[in-house]
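Colleague: Sequence:
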Amino acid sequence: MVGRLAIAAILGGLVGVEREYRGYPAGVRTIALVCLGSALFTEMSSTFGGSDSARVAAQIVTGIGFLGAGVIVREGVTLHGVTTAATIWTSASLGIAVAQGFYVVAVFVALIVVALLEANPLTKRLSHVGWQSAGEGESHPE
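Here the working numbering runs 930 ahead of the position in the sequence shown, where the first position is 1.
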């Protein structure tokens, strides 16, 4: 059990590195703790007889939804923090997957999450370049 918890914390930490590097409020510690906590709740539900792991997983998803909602901020018509909230939610699923023994799936998903998060700065740069070259005097929509 301790090994699975360590793997969950490490995977969460790896995902959190990207958030922290980009300066978002939920970084290494937050994402690692969400992943670790989800793994621990799942482990405990599996360890004690009579518990239904699926129900515990459903409650984790609900609880993490509240945590994720706390990082979403609305400024006028713009929403900030949606990607961070989705990252928190996905990191909870990583913890559940590790606790259930789906190590390969968890590592694969963690890599996909980091790739998707890293793709955003690239797509913003490409989008900005595309708007500048495509328009004559047009400004980039913000």
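Quick caveat, the hints were computed from the structure, so don't treat them as lab data.
Wrong hints could be hidden among the right ones.
Pairwise CB distance ranges (calculated) [stated by the list, open to error]:
#1 Thr1008 to Leu1046: 15 to 23 angstroms
#2 Gly953 to Ser983: 22 to 30 angstroms
#3 Arg1004 to Gly953: 17 to 25 angstroms
#4 Ala1045 to Val932: 28 to 36 angstroms
#5 Leu1046 to Met931: 12 to 20 angstroms
#6 Met974 to Leu1046: 14 to 22 angstroms
#7 His1010 to Glu1048: 34 to 42 angstroms
#8 Gly1006 to Phe1038: 31 to 39 angstroms
Note that the Cβ used here is the ideal one computed from N, Cα and C, for glycine as well.
Colleague: Go through the numbered hints given earlier and state which of them the structure violates, listing their numbers in rising order.
Modeller: 2, 5, 6 and 7
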